[in-house]
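Residue numbers (the working numbering), protein chains in the order written: chain G, 1 to 389; chain F, 1 to 389.
Derived from the structure by calculation, the hints contain no laboratory data.
Mixed in with the good hints there might be a few duds.
The list cannot tell twin chains apart, which means a pair is met if one copy fits it or any two copies do.
Think about it this way: if two alpha-carbon atoms lie no more than 30 Å apart in a straight line, the pair counts; the simulated DSSO-like pairs of lysine-lysine are [to be verified]:
hint : residue 1 : residue 2
1    : Lys129    : Lys28
2    : Lys208    : Lys16
3    : Lys186    : Lys208
4    : Lys28     : Lys50
For clarity, every value in this text was computed on a predicted model and none was experimentally measured.
2 protein chains.
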Amino acid sequence: MLNFHYSIPTEIFFGKNQIEVLGTEIKKYGSKVLLTYGGGSIKKTGLYDKIVQILKDQNIEFRELGGIDPNPRIDSVREGIQICKDSGIDFILAVGGGSTIDCSKAIAAGYFYDGDPWDLVIGKATIKKALPLGTVLTIAATGSEMDSAAVITNPETNQKLVFGHPAMAPEFSILDPTYTFTVPAKQTAAGVVDIMSHTFESYFTRTKGAYLPDRLAEAILKTCINYGQLAVTEPENYEARANLMWASSLAINGLLGYGKDAIWSVHPIEHELSAYYDITHGIGLAILTPPWMEYVLDDERVDKFVEYGVNVWDIDQNQDKYAIAHEAIDKTKQYFASLGMPLTLKEVGIGEDNLEKMAKAAVDHNNGTVGNFKPLSYEDVLNIYKKAL
Amino acid sequence: MLNFHYSIPTEIFFGKNQIEVLGTEIKKYGSKVLLTYGGGSIKKTGLYDKIVQILKDQNIEFRELGGIDPNPRIDSVREGIQICKDSGIDFILAVGGGSTIDCSKAIAAGYFYDGDPWDLVIGKATIKKALPLGTVLTIAATGSEMDSAAVITNPETNQKLVFGHPAMAPEFSILDPTYTFTVPAKQTAAGVVDIMSHTFESYFTRTKGAYLPDRLAEAILKTCINYGQLAVTEPENYEARANLMWASSLAINGLLGYGKDAIWSVHPIEHELSAYYDITHGIGLAILTPPWMEYVLDDERVDKFVEYGVNVWDIDQNQDKYAIAHEAIDKTKQYFASLGMPLTLKEVGIGEDNLEKMAKAAVDHNNGTVGNFKPLSYEDVLNIYKKAL
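In isolation and in its complexed conformation, chain G is listed as follows (with noise of 0.2 Å):
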């Protein structure tokens, strides 16, 4: 087990009704709220109104900016801190998935940066502070909620990128899953696609002796199996969208990467995908997933997907290794399928044609080198692109 820093500072109001502590809670941090959102689901099913109504009635001023894209852009991060900059905002509260909170923590940083906020998402400028910022969270899958990161999109330089600080982190998140009763069977699916990656990512590296936090991984693994297609086909499963719910926080909030060497693989190969094409992330990954284990298969690495196997999968542990870990990535992918996940690029509509940038791009965006389980180099990325066609 390697040395780690823990430090996972956001507290978590989990559960039904946790929305009532949202008024006090605010206030411990600013009075002049920025509300962000997205395409205007939370309308819809009557969150936003509720909101709405708490502020109201906490005398708490608020400025909004709705309409954040799947894949937030730059362009509402830097329109978000405008308005942050003219209204003095001094707390932001993000009410959607990923993409919103994402958005947000961009804004948040960016607020204290006189440039352009792309600078700091490309590492151009180092980040120094952030406002203070809280989530309502409205779907089980990135994990934004309870982490210090943010993928930020570039439309007119086919960027997707991944960036960071601590205090980007959210003070607070309220997680009620009745919020997630409504997130379609597509989007709850891709979601639950997402945390299993996220959790590959810290599961699947060659740190020795870090038994403790693979077993947690394992955890998280199993309650996406068990729960993943109750929640497609039951949407109103409280106990369904609960477990996803808070294994989307714990699989990327830092629990499962304490004490291991985790440089992340399938995540940026899919980033180049979804900024080439704007696919749902997690449909990227499904779609990514089993053929970067297949490629990535080999003696030196055989061993992690037995424990995978035989722990995750039940498998009989009597087999030749490769039998195993073969047998591994089939579930892998029938899980996906079974969730209505596509399984290869085609499906998607995604042909050759733009394969060879997209490789360059991701080995590019990670400083010649993709993963650290199995360093990918460009010839690997392509090849995993071209395996998943």
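Got chain G; can you put chain F on it based on the hints?
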């Protein structure tokens, strides 16, 4: 899954040489330190000298309170508070295990209370704030390094009671597994039992649908089982010591209990044992846990024992439920025995003399009923003590 409020503010610096951060961390909170420790093992190992050197190098003034007993007494708390008041202490640094840390938490809270600190332990007065506290952990057991509770003994009244407040959680804890290399076999084993018992207290509940927390608990239990004997037989095995150390913190920092309704059962029964006989807490837990399991096993609770047996001990699930449950309990008992733990009260020299008094005290200290997996009356507790003879 039940509603919960997640808040685990303690920062952890985990791994070799993390003591390097000590000076910088202390200075974030204070400038005049009370250094607390136990029987002097830190003087033998050189840790005391190392810490004193760091404090001197960083020009941090300090006073000392050494000699804190296992099952720490209210007298030490009173003494510590007096030193703090006399010397203008603004930070407490606890170096040791659960006893030293618990005593330090009580000093930290008692500092701001004008009356006798025992009032805070028995709930006669309420805690409002506490001095900031940091810890350097030297044994994996109580998890006190990452939670907000403390257990204090009053020998005059034969009371050993738990109390706590969010302000009592350490600001930071330094967990260097090499500091546990010198922990004797018996204490190492007792620590493993303590970690497992904390996990059982959260795991064995009747809350439905808390699937994820239960899988996390199993991760901790598997870690204890995987490394317990190794740490006993190879005290300098870093991997074993590291996994157990991290397990000790995660078992009781709140993570396993979120979403569940867990009122503890075996700990309150054991506390009376160590209040009357001053035995090592983990040994008391090893003696009492299997009889408690057998005693509470019935139709309403058998499924939880099946879950435990199948998931933690890999018992074949295609058997009669009670067969699985009894095998699981038996394996637990055998495992404690394999660690060198005594399994009966007689083995530690305890007879029938005080069983009735202790049973009465256990229910009296818990508002008439112990635990809620199966709520235990006076007769129940007495029967469990008798089964443990």
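(message) If the cut is 30 Å between Cα atoms, do Lys208 and Lys16 qualify within a copy, between copies, both or neither?
(response) Intra 40 Å, inter 16 Å, cutoff 30 Å: inter-copy only.
(message) Please sort Lys129 with Lys28 into within, between, both or neither, judging by C-alpha distance up to 30 Å.
(response) both (18 Å within a copy, 18 Å between copies)
(message) Regarding Lys186 and Lys208, is the shortest C-alpha distance of 30 Å or less found within a copy, between copies, in both, or in neither?
(response) For Lys186 and Lys208, the Cα distance is within 30 Å only across copies (28 Å; inside one copy 37 Å).
(message) As a check of your reading, is Lys28 near Lys50 (CA-CA no more than 30 Å) within one copy, between copies, both or neither?
(response) Classified as within: same-chain Cα gap 20 Å, cross-chain 40 Å, threshold 30 Å.
Of the numbered hints stated above, none is contradicted by the structure.
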